Each structure stands twice: as C-alpha cells, then as structure tokens.
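Got chain P; can you put chain U on it based on the hints?
Number of protein chains: 2
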Amino acid sequence: MAKQQPAEQRTWDKRRQAKRERLTGAGRYVDGKVVKHDSLVRVLETVIRPGDKVALEGDNQKQADFLSRSLAQCDPGTLHDLHMLIGSVSRSEHLDLFEEGIASKLDLAYAGPQSVRIAQLVGDGTVSIGAIHTYVELYARMVVDLLPDVALLCASAADEDGNLYTGANTEDTPTIAEAAAFHDGIVLVQADQIVGADDLPRVDVPGDWVDLVVEADRPFYIEPLFTRDPQGITELQILQAMLALRGIYERHQVVSLNHGVGFSTAAIELILPTYGEKLGLKGRICRNWTLNPHPTLIPAVESGWVETVHSFGGESGMNEYVAARPDVYFDGRDGSLRSNRVLCQLAGQYAIDMFVGSTLQMDGEGNSSTVTEGRLSGFGGAPNMGHDPHGRRHSTPAWLDLHYGEGAAMRGRKLVVQIVETFQSSGTPTFVESLDAIEVAKNSGMPLPPVMIYGDDISHVVTEEGVAYLYKADSLEDRKAALAAIAGVTPLGRGADPKELERLRRDGLVALPADLKVDTALANRSLLAARSIGDLVAWSGGLYEPPAKFRNW
Amino acid sequence: MAKQQPAEQRTWDKRRQAKRERLTGAGRYVDGKVVKHDSLVRVLETVIRPGDKVALEGDNQKQADFLSRSLAQCDPGTLHDLHMLIGSVSRSEHLDLFEEGIASKLDLAYAGPQSVRIAQLVGDGTVSIGAIHTYVELYARMVVDLLPDVALLCASAADEDGNLYTGANTEDTPTIAEAAAFHDGIVLVQADQIVGADDLPRVDVPGDWVDLVVEADRPFYIEPLFTRDPQGITELQILQAMLALRGIYERHQVVSLNHGVGFSTAAIELILPTYGEKLGLKGRICRNWTLNPHPTLIPAVESGWVETVHSFGGESGMNEYVAARPDVYFDGRDGSLRSNRVLCQLAGQYAIDMFVGSTLQMDGEGNSSTVTEGRLSGFGGAPNMGHDPHGRRHSTPAWLDLHYGEGAAMRGRKLVVQIVETFQSSGTPTFVESLDAIEVAKNSGMPLPPVMIYGDDISHVVTEEGVAYLYKADSLEDRKAALAAIAGVTPLGRGADPKELERLRRDGLVALPADLKVDTALANRSLLAARSIGDLVAWSGGLYEPPAKFRNW
Chain P
43 MAKQQPAEQR
53 TWDKRRQAKR
63 ERLTGAGRYV
73 DGKVVKHDSL
83 VRVLETVIRP
93 GDKVALEGDN
103 QKQADFLSRS
113 LAQCDPGTLH
123 DLHMLIGSVS
133 RSEHLDLFEE
143 GIASKLDLAY
153 AGPQSVRIAQ
163 LVGDGTVSIG
173 AIHTYVELYA
183 RMVVDLLPDV
193 ALLCASAADE
203 DGNLYTGANT
213 EDTPTIAEAA
223 AFHDGIVLVQ
233 ADQIVGADDL
243 PRVDVPGDWV
253 DLVVEADRPF
263 YIEPLFTRDP
273 QGITELQILQ
283 AMLALRGIYE
293 RHQVVSLNHG
303 VGFSTAAIEL
313 ILPTYGEKLG
323 LKGRICRNWT
333 LNPHPTLIPA
343 VESGWVETVH
353 SFGGESGMNE
363 YVAARPDVYF
373 DGRDGSLRSN
383 RVLCQLAGQY
393 AIDMFVGSTL
403 QMDGEGNSST
413 VTEGRLSGFG
423 GAPNMGHDPH
433 GRRHSTPAWL
443 DLHYGEGAAM
453 RGRKLVVQIV
463 ETFQSSGTPT
473 FVESLDAIEV
483 AKNSGMPLPP
493 VMIYGDDISH
503 VVTEEGVAYL
513 YKADSLEDRK
523 AALAAIAGVT
533 PLGRGADPKE
543 LERLRRDGLV
553 ALPADLKVDT
563 ALANRSLLAA
573 RSIGDLVAWS
583 GGLYEPPAKF
593 RNW
Chain U
43 MAKQQPAEQR
53 TWDKRRQAKR
63 ERLTGAGRYV
73 DGKVVKHDSL
83 VRVLETVIRP
93 GDKVALEGDN
103 QKQADFLSRS
113 LAQCDPGTLH
123 DLHMLIGSVS
133 RSEHLDLFEE
143 GIASKLDLAY
153 AGPQSVRIAQ
163 LVGDGTVSIG
173 AIHTYVELYA
183 RMVVDLLPDV
193 ALLCASAADE
203 DGNLYTGANT
213 EDTPTIAEAA
223 AFHDGIVLVQ
233 ADQIVGADDL
243 PRVDVPGDWV
253 DLVVEADRPF
263 YIEPLFTRDP
273 QGITELQILQ
283 AMLALRGIYE
293 RHQVVSLNHG
303 VGFSTAAIEL
313 ILPTYGEKLG
323 LKGRICRNWT
333 LNPHPTLIPA
343 VESGWVETVH
353 SFGGESGMNE
363 YVAARPDVYF
373 DGRDGSLRSN
383 RVLCQLAGQY
393 AIDMFVGSTL
403 QMDGEGNSST
413 VTEGRLSGFG
423 GAPNMGHDPH
433 GRRHSTPAWL
443 DLHYGEGAAM
453 RGRKLVVQIV
463 ETFQSSGTPT
473 FVESLDAIEV
483 AKNSGMPLPP
493 VMIYGDDISH
503 VVTEEGVAYL
513 YKADSLEDRK
523 AALAAIAGVT
533 PLGRGADPKE
543 LERLRRDGLV
553 ALPADLKVDT
563 ALANRSLLAA
573 RSIGDLVAWS
583 GGLYEPPAKF
593 RNW
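Chains P and U, in that order, give the protein sequences.
Those letters in the first sequence? Residues 43 to 595, per this note's numbering, in order.
Those letters in the second sequence? Residues 43 to 595, per this note's numbering, in order.
Don't take every hint at face value.
Repeated chains share a single entry, so a pair holds when one copy, or any two copies, can fit it.
[Stated by the list, open to error] Straight-line Cα separation of at most 30 Å, DSBU-like style, residue types lysine-lysine; simulated pairs:
#: 1; residue 1: Lys-522; residue 2: Lys-78
#: 2; residue 1: Lys-541; residue 2: Lys-147
#: 3; residue 1: Lys-147; residue 2: Lys-324
#: 4; residue 1: Lys-95; residue 2: Lys-324
#: 5; residue 1: Lys-559; residue 2: Lys-320
#: 6; residue 1: Lys-56; residue 2: Lys-320
#: 7; residue 1: Lys-484; residue 2: Lys-95
#: 8; residue 1: Lys-324; residue 2: Lys-56
Don't read these hints as lab results, they were simulated from the structure.
Values in this document were obtained by computation on a predicted structure and should not be read as measured data.
For reference, chain P alone in the conformation it holds in the complex:
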C-alpha cells in the first residue's frame, strides 16, 4: 500500500444524526408519523433549518399547497435563507417565501402563472436563481449536487404508516421522495386524507420512505393544464394539423409520439378519426403515445386509433374515463391511472419517434423560447422531448427515415417538430430577429440565454404556410431560408426570395399545401371529430367529467 494511513477520524453520518435530532425535536407535535393538523407550522420550523435545501412539490399539475401555504407562515427569524427546489413555481406563496425572507435561492423548471412576478423578483434581487432546468434535470441533480435536506410532498391519501396513494397524479412524488429518503433527508407529505394502516386503494410510495404525514386542510391544488376546448380551435390550426398529418405523420410513418399542449396538436388529435381515417392511416400511425390523458384524444381512442398512452401526470376530469380504458392507459389494480414523470420522460426520450410542440417566439435559425420580455416561464419538459437523444440505439422506420452520417457513423434521428402560427393571437409575429431570451439572460446575469429548443435540434417546422424540413438542411443558410419560406408576412418571411422558394420546394426542404396534396378548402371546423367539450363528453359515453370552467351547458 502506497500510503498506509489510519482511516481519518471523521464523522460519516452527519446527515443521519441531523435528521434524528430534527425528528426528535418534532416529536411532541406528532403521533407516530402523523403530524397534528394545527402544529404543521411548528413542525416545519423544527424539521427545517436555515440554509437548508428544501424540495417543495410543485409538479406540472399538482401542488403541495397546504405545505407551501404553511411554510409561508413560518417565522423568518427562525427559518431563513432556504434554498428552494421547486419543479413548477405555480403558487403565489412560492414567491411569498422569498419576499418574506424565508427563502433566498431558487432552482426551478417552470413558472407558468408566476412568470411575470418571478421576473420582477429576480430583477430586484429578492430571488437568486440557481438555474432553470427541465423537470427531470432538476430531479437528477437531487442525487448529485442539489441534495434535499427536506422534501415537502403531496398525495391523495396516506395511511398511518406513511404509505402513500397518489391516485392518477403520481407525477414526481416517488422520485423526489427517493432522492430525499435515501440520503437522510426528511420526507413530509400532505395527504387529502389519512386512513388506517393498509386501508389505501393501492401503494404508490412505500411508507418506509416517508417520515411524516399531515392531513391537508383541503384537497391539493390541481391545474387542468392539458385540457383544450375544441371550440377554441381555429381554421388556421386545422390547416396546420392537415399539413402536419400529411407532411410529417404520414410521410415518415410515425407510430409513437408525444404531443405538447396546444390548440394545434389538439386539432391533430381531433382530425385523426376524420381526415386521418379518410387517408387510410388508422393502425399505421399514432399508435403508441407518451401523453397526459388529453380530453381531445378521446375520439381517437374511441375510434380504435390508440393502442397505448403512458402518462407524465393525470388530467382533471379524465379519471373515470382512464379507469374504464385499462388496455390503453396505465392503471393500477385499484383501477386508477398511475402516472410517472421520470418514466414517461424516459419513454419520451428513448422510445418514441416524434415530439411535437409549439412556442411563443422563434428566431430565424429556428431557436425558440417561451421566455419573453418580462416573463421567466421556464421549460418544463420540452427540452427533454425536443432533442434527438444520441443515446438511442434501436431503430424504427420513422427514425431511420431521417438517417444521416456515413458508414459506422450512420444513424437515425428523432423527429422534433414545432408547429407555430406566423403571428400570435395578439398580432405580434412569432418569427423574430432575435429572441427576447437573449436580453433576459443579460439582465438576469444568466450564463446563457434560456432557449427552450435549439434550431439545430428541430427536424420540422409547420406554419399555416407549409412545412420546413429542417433536417434536410446541410447548412445554416439553408435552414434559415427554409424557415423564412414558411414565415408568411412576418418581417422574416417578407425577406424571403421567391426564386429561392422554388429551389427549396424542388430539393424537398419546403412543402406547400399543394405539394402535400392538402385541400385547403377542407380546413374548417367540420373536420373536427369533436367541436366542443360537450362533444368530448358524448364521445366518452359520459365518462369524461370536465372541470367547471370548461362547462358551458
């Protein structure tokens, strides 16, 4: 042995000791693992210490809002300088924590409804941003260099032993629980109800991983993020859907896919049983999905288009429908959906042919971002889905159809599609000279502009003008020309050279509706298999129960 030396006199279980101390301190507010309802604030002040990294469950849909509201009531004299790890910053109290001095640093993935306020708080120095991640990237760091001292999570029900039932909205709970539970972090869970031992419909997270449970004052907050009312779908979007279906789905024989949330992708889901059926595509495309239970997919499911749907999370109102279609959705033995963001993201990354999303801004090179001036909205899962995973090794026809490279270096490519209208509904052009994200990065001291999807990661862009086959562009110049050709009357599009368009069409870099044999006259709402939420309910045989805000009957 080169350098024989006695094992250093070092403590190797500091975290375990700290955890034991904290839980002992909370003992008087706790009965077994169950926190007395009115003692939650004191328990939080006891099990959390200043400077701690605290993972607070804010997922894409569900929110541990009893815990976040209670944390915001803690005494900033006792609890301060917390480093919050929050997937989705969606609740006002998430930011109250910073204004009140309880927290100072934030690592996040997404900030939809709070995107304007968060930008202000970053601007005035109240919030110090670690980084904007994707969801799974943030969870990945929880086992590497952002180790939670405390995890505050969310379940539908818990039993006295801490076993958790998450129902349809499992989402991220097992992953965050695992990161904390197996590195001596404290796991504290709010549950809509606490039941006797072994009285849960099923177990989604073993009680073994959970230190404390508390019954919430009201059911956890949930956002119907993936519900698009067919009434809001425009004829422009139906045209885009037709172009995408012929120019991409049919052309490349796309069997497995993910749709982002948006009216254009909802339109595609709703023309599968009509336009898609007429094209003879049923059974040939769109069979296996990684997707939350979109209500607008119901007609395609009922018409026999869809073999399977694996989900990141649930969707309000869809539980009964999903429970009645177990061959399609992933249900537990209790009959309800089991979702799992990490597993579904893995599937979305390595097992599907195509991702289709949309964006608020795209520059001339195809870079896109939802971070625009005054809004710091984050990415959610789009960058994970929206790139070609170089670690994939199995082939499918669609993937091989986009092959590149020679000899040993030849490989296929995932389809990464952006569907955008040339103008936003506000009248501002989608295609811009320069992304707002560049300015935002400068002003917030970010090392890089917060780009959602990079132009060189995109294979296709669809507008109402046509389809750009960016994967065929051999140069940045060609990529820019193909984008300009479908950018309509935006400044970017007006600069396009009409002669250039002919070359691009000839070389297959751009296809116009006529090239795709899309009859634009068909692009009207009668092509939608459902034209309202009520239609979706009817398709579902009454199983879909839309949230109140989508009911107008």
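Here is chain U on its own, set in the frame of chain P:
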C-alpha cells in the same frame, strides 16, 4: 359534434381479464401470493402464454436465475415463441430458452459472458434479435411498444404480501415492476427468503405491485463487475491516468462525473489521493459521482475527496463499507445501499460534467464499439452516458468550458472521454481502419452498425501518447488528424504527419505529456494509493469484504 357515434362495442380490459384468468389458473399452486417452491415450473407454464412478451430480470449485476433456470425447464410444447426482454443476457439458460424452442425473439441491452454464443445463435437463426438497446432505452420501450405480459424479477427478500426488499442491488427491479404492474402484466418475483408480513428491513417495491413471490433455491446470482484489482494496473495506465487528470479533470475543473469500469479509470481513482493531492486538486474536482461502489474509490473516499456517490447498482463485498459511509452513499433507513439504475442514468445524463469510458475498438473518426467479430456484446449504459444530452439547461464551469455556438444558440457541452491504450493486451491495435461492427451488422441483418459511442459525441480521447481535444475540431479532417496524432505505432498512428502534429499542438487539439507538464518518470505503481485488494481492505478499515476470487491471502 362532427361525427356523432355510439362508443364502439369494444372490450377495453383484455389484459386485465387475461391476467385474472392466468392467476386463477395458478391458484392451486399458490398460497396467497406465495408460490409453492416445487410448483414453480407449473406456475410459469400457467401464467405465461405462447407468444408472450416476458421481461426477465438480468441486470448489470444481479440475475433472477432461479426463475430463468425454471423457465428453461418448461415444456416447449406448452410454452413457445416467447419474446424475451432481458437487460443483461448473462446466463447460459437465457440462451437455452432459444435452443429449446421456448423463446424465439430477443430484445436486449448487454450480453457480456454470452456474447460469443449469442452471435452464433443469431447467425444460425435460433435467436431473432429485435434490437440491441441501452438498459434504460429497453425499459423505456416497456411502457411504449414492448409491453411485458409477464415480468420475472429478483429480490433479496419478500414478505407474504409481496413487499420487496432488494438490499444494495435494487438496480432495475422497481422500473420493470412498474411497467408490468400498471398495465395488467403479471409480476412474479424470486426472493432469497420470504418473511412474515412487515418483517422486511425496508420496502423497495410495494407488495401492491407484485402478484407472486417464490423463495429461490439459492441466493440470486451476482457478478462483481465493478471490482478491479489494483495489482492489474500497468504503468501505461498510470501514465494515462496522469494525462487525464491534468489534461481534462484539472483543465476543465470537472466536479461531477461517472467512470466506466476499467483499469485506466481505476488508476485515476487511485491517484487522486497521491498525484491529485500534490496538484492541490482536492475539494476542487471529483466531488460528486454517479458510480457503483467501486472498491478502487475507497482511498479517495477515506481521504475526503468524495462528497457523494449515487449508484446504478451495488457491488459485491462493498455493502458493509457503503453502510458505514451514509453521508457519501445513498443508504436506506435500514442502513444498506439503495441503488436505482434509471435514476442514476438520469443523473449521469443530465446532472454530471463528464463521462469517462473505454472501448475495444475505435476507428479513425473516433467511432467505437465493443461489438467485435464473433462477439455481440451490446452496450449496457455507455451510450446514455457517452453523449452530450441536448436537453440539459443548467450550467457548470466544466460544461461551459466546452461551449459552442453563437448568440441564442450558444450552449455548453458534456465531457465525453474515451481512454484507450493504442494496443489491446492481446497485441491487436485498438485503432482500426473500420469497425468490426460494420461487418457484424451486415451479417446479422441489422439496419445500422452497432456503434457504442459515435466519434462526434466524444469530446476527448486519451492514449498513453497524449490527449486529443476532439471538441475543438471544426472538421472531420481535424478530428481524424487529432486522433491519428495520439494513435502511437498503430497503422492509423503511423500514417500521421509529424508536421501536422505541431499544428495540432499549437492549436490545442492535441497535448503531449510535456505539454501537460506530466512527468512521465512518476508513472509507476508507487503512485497508486492502493496497490492490491489487500490495500483496499486496509484503507476501508476492514469494512470491504472482497469476493473470494479477489482474495489471494
């Protein structure tokens, strides 16, 4: 509603009905969830049907070998044409299944010890290969288009309710269990022992997800894959380790990383407390690891280099040591390691600065493969680790140091490093004109050559001659020239132009030992913090218990 129609008269729970039938059929061999030991073959013949997709747990280390041996004893008249999904094809009976006509199709990720026989069986048509995947890619498909009808899994202990304790080797069990359990597949688990309800040290998989358990005839098979005896480390490998440490780890300030298994990376682990210490790098680099518990990391852990290690799986003999270092490793409340391949791969993909691996063959463009003539060994996890994940959005100094692109498109890059000796120990050159994988693909009818890591995904290559900084190469020509410059006296290296070498050094594409101020005279075994397995045991204070085959005292 465009096309009002009644919900089709369709059965939506075929899988659930089939599962119920099968389990009912097995009822007489079962007591609750516990399969009578001597009835296992009959149970397998009852719950599996011809043509089924059967996920058989073969992980990197652990093997459900009681189940695989029993499956091989089934009657091919009853059970045939199974489509096997096996992560690691490591046991002879995995292939017996095909020779006996029980199985016909195979999707896999890795086939180490069976790589020669599998190539023969593919050649003669006995095995039809679906695809060679990475581990996580195969699991991803289990929720998309390779849905297991039955999952045959492996645990250290189970209770009568089916709760599982996996001990240090959790690996892939929860992921495969989830894919099957939540889509009405049958989950059958072998356990080293079956205990009374709630008598497990901890719960790794809830009993809720498990249909049947059976006590194994002997403890499950486990391979000490990540143990490298320091006695086998050569001076050439120590030189490589020094070059890597100065030319990559120190230069780019690599804080978080993964090491593949190999003597070169073992050498790096063993010179951290000696050479690394002398360079003043302790605390500045190599703090956070995604890594199985490598015995050769013990000296670095004991010397205070390592903050955390998150693991894909366990390692034989390391359990006591890992249990005594809970601040470093991820342990459960029972005190033993919790590993998880999917979570650790996620971390390896999105949360670390660098992957370092090695290969058997590399071509002039840097493409590498472990699939060589007559061997079909697969990839395991290397392609997941060995590429730059375009879905990453947070920055670290190392990642930013390799930035590329302009304006909105500027981003960092993961370090993907290959360490290879110019010649294999057999005397065959590592650098070859053309990968054997190309010929293998042709002969086996694969759509693409089975390349492990692509040249354009690699950022650095290290040989005993120097370091090639491939990420700086703007063209394929430069990449090839940089590789040739460090390819020594292989045919590829002999073709290199000496004048070109000067240009490459000047431009920073290649660094020789002198450029990195590496004193080659120091490259001898006295630089290793441990020079034998016995030394490692001493460093561990007697906690490391090496498997018998590594004991020579």
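Here is what the structure says about each hint:
Taking CA atoms no more than 30 Å apart as the test, Lys-522 paired with Lys-78 passes in neither setting, with 61 Å inside one copy and 67 Å between copies. In the homo-oligomer, the alpha carbons of Lys-541 and Lys-147 never lie at most 30 Å apart, since the shortest distance is 53 Å inside one protomer and 53 Å across protomers. For the identical chains of this complex, Lys-147 and Lys-324 are inter-copy neighbours only, at 27 Å across copies versus 50 Å inside a copy, given an alpha-carbon limit of 30 Å. With identical chains, the CA atoms of Lys-95 and Lys-324 are at most 30 Å apart between copies only, with a shortest distance of 24 Å across copies and 50 Å within one.
In this homomeric assembly, Lys-559 and Lys-320 come within 30 Å of each other (Cα to Cα) only inside a single copy, at 13 Å, whereas the closest approach across copies is 70 Å. Taking the closest pair of Cα atoms, Lys-56 and Lys-320 come within 30 Å of each other only across two copies (28 Å); inside a single copy the shortest separation is 66 Å, beyond that limit. Taking the closest pair of Cα atoms, Lys-484 and Lys-95 come within 30 Å of each other only inside a single copy of the chain (27 Å); across copies the shortest separation is 53 Å, beyond that limit. Only between protomers do Lys-324 and Lys-56 lie at most 30 Å apart by alpha-carbon distance; the minimum there is 21 Å, versus 59 Å within a single protomer.
Of the numbered hints given earlier, the model fails hints 1 and 2; all others are met.
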